[in-house]
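*Asks:* Sequence:
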Amino acid sequence: MDLSILIINYKTYELTHQTIQSVIDTVENIDYEVIIVDNNSEDGSLEQLIYDFKDYSNIKFIHNSANDGFAKANNIAFKNSKGKYILLLNSDVIVDKGTINETLNYLKTHKDVGAVGPHVRLPDGSLDKACRRSFPTPIVSFYKMTGLSKIFPNSPRFNKYNLSYMDEHEIYPVDCLVGAYMLMPRCVYESTGGLDEDYFMYGEDIDLCYKIKQEGYKIIYYGKTTITHFKGASGKNRRLLYEFHNSMRIFYDKHYKDEYNFITNNFIYMGIYASYYLKLLLSYLR
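In my numbering, the protein residues as written are 209 to 494.
Misleading hints may appear alongside valid ones.
Dumping the calculated DMTMM-like pairs for lysine to aspartate or glutamate here, alpha-carbon to alpha-carbon at most 25 Å [to be verified]:
no., residue 1, residue 2
1, LYS290, GLU398
2, LYS487, GLU378
3, LYS465, GLU378
4, LYS426, GLU405
5, LYS432, GLU378
6, LYS219, ASP336
7, LYS316, ASP332
8, LYS421, ASP406
9, LYS219, ASP263
10, LYS421, ASP320
11, LYS316, ASP406
12, LYS439, GLU467
13, LYS290, ASP332
14, LYS352, ASP320
15, LYS421, ASP233
16, LYS352, GLU378
17, LYS319, ASP332
18, LYS358, ASP375
19, LYS290, ASP239
20, LYS465, GLU423
21, LYS487, GLU423
22, LYS316, ASP239
23, LYS290, GLU423
24, LYS262, ASP233
25, LYS305, GLU241
26, LYS337, GLU378
27, LYS319, ASP263
Derived from the structure by calculation, the hints contain no laboratory data.
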């Protein structure tokens, strides 16, 4: 089998159906399977999806007895997959025609590449900035949190995180992609250990990219093809707000904490928790 497409469903019937259908409608001449793991939705969405796609033998469903997070569910899907290449695909994505075929062909013909991701478009047509990023080192994070990246959007120094000074329709190496669409060889997913299950949701995509680059592979932003990402449609609540900020702490502890001194580390932690509590307060005031 050439390609395994992994999708996680959690109470998103309409979105997940739309994502699966976009795969069916756009993939051409590829031997592929779609594996959907349901994170114990208990809302009837799994049963309805099974019924909707009952005539497709290459679409498989797995019921997870508990919702232990996005990373763990994807690792379960991976263990049940057979493809030489693995595509992590969010359940709130519409894949455009040619995207899967083109990115897969690029990956097959560039053996030094460990992951590929396309131009990710938001519903309003603008770029999802998370689809091509630099790693959040302390200095890169400082420029972002202080607003310098917005003041100087075309500066390679101050806006290194979102890379807005680079052409969004070209092809080039980046530090990391967004987990909404990450295509990689099976051997790379295996050698890196897959998604780190310490992350419940958010951050696991940056962590995986970090591990891929540690192994010497390139990560490529492929701006010639697109997907539409209904970002955040799969869930918006205070638990996810906490997980978003907690993922920052986990990533920093794993990859940067030992490189910096006590003062820098505490400055970073203060920034993370200040952001969390401010956004939490604003959520109560709305």
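*Asks:* Now look at each hint and say whether the structure bears it out.
*Replies:* Results of checking the hints against the structure:
no.: 1; hint: LYS290 with GLU398; verdict: 12 Å, holds
no.: 2; hint: LYS487 with GLU378; verdict: 34 Å, violated
no.: 3; hint: LYS465 with GLU378; verdict: 34 Å, violated
no.: 4; hint: LYS426 with GLU405; verdict: 23 Å, holds
no.: 5; hint: LYS432 with GLU378; verdict: 6 Å, holds
no.: 6; hint: LYS219 with ASP336; verdict: 23 Å, holds
no.: 7; hint: LYS316 with ASP332; verdict: 32 Å, violated
no.: 8; hint: LYS421 with ASP406; verdict: 20 Å, holds
no.: 9; hint: LYS219 with ASP263; verdict: 22 Å, holds
no.: 10; hint: LYS421 with ASP320; verdict: 11 Å, holds
no.: 11; hint: LYS316 with ASP406; verdict: 31 Å, violated
no.: 12; hint: LYS439 with GLU467; verdict: 33 Å, violated
no.: 13; hint: LYS290 with ASP332; verdict: 36 Å, violated
no.: 14; hint: LYS352 with ASP320; verdict: 31 Å, violated
no.: 15; hint: LYS421 with ASP233; verdict: 33 Å, violated
no.: 16; hint: LYS352 with GLU378; verdict: 24 Å, holds
no.: 17; hint: LYS319 with ASP332; verdict: 35 Å, violated
no.: 18; hint: LYS358 with ASP375; verdict: 17 Å, holds
no.: 19; hint: LYS290 with ASP239; verdict: 11 Å, holds
no.: 20; hint: LYS465 with GLU423; verdict: 20 Å, holds
no.: 21; hint: LYS487 with GLU423; verdict: 36 Å, violated
no.: 22; hint: LYS316 with ASP239; verdict: 14 Å, holds
no.: 23; hint: LYS290 with GLU423; verdict: 23 Å, holds
no.: 24; hint: LYS262 with ASP233; verdict: 16 Å, holds
no.: 25; hint: LYS305 with GLU241; verdict: 17 Å, holds
no.: 26; hint: LYS337 with GLU378; verdict: 14 Å, holds
no.: 27; hint: LYS319 with ASP263; verdict: 35 Å, violated
When the structure is compared with the earlier hints, violations turn up for hints 2, 3, 7, 11, 12, 13, 14, 15, 17, 21 and 27 and for no others.
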